[in-house]
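S.K.: Using the sequences provided together with the hints, build the complete structure.
Just so we're aligned: the sequence shown equals residues 107 to 175 in our numbering.
What the hints contain is simulated information worked out from the structure, not anything from laboratory work.
A few of these clues could be false.
Pairs of lysine to any residue, SDA-like flavour, derived with a Cα cap of 25 Å [as the list claims (entries may be wrong)]:
no., residue 1, residue 2
1, Lys-174, Tyr-108
2, Lys-174, Glu-148
3, Lys-174, Arg-134
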Amino acid sequence: MYVHYAHQGRGIARSLVRTLEEQVAANRYQTYASITARPFFEREGYRLIRETVVERAGVNLLNFEMQKN
Numbered sequence: 107m108y109v110h111y112a113h114q115g116r117g118i119a120r121s122l123v124r125t126l127e128e129q130v131a132a133n134r135y136q137t138y139a140s141i142t143a144r145p146f147f148e149r150e151g152y153r154l155i156r157e158t159v160v161e162r163a164g165v166n167l168l169n170f171e172m173q174k175n
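M.R.: Following this line, the structure appears as structure tokens:
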């Protein structure tokens, strides 16, 4: 899930994540966040589980497995 850069800073991602969490009502939520999304998820209460590297179009990208209980 991404919010287009022209619309960032308006609370759209926060609203989407919180609505998803309310609708799903699980005991645990998990995401794989990019380096730019990590601070957002940390503010939403997610904690780092581990760092991973994923390959996209031949480029290695740092990624973060995160979880919220």
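S.K.: Honestly, which of those hints from before does the structure not fit?
M.R.: none
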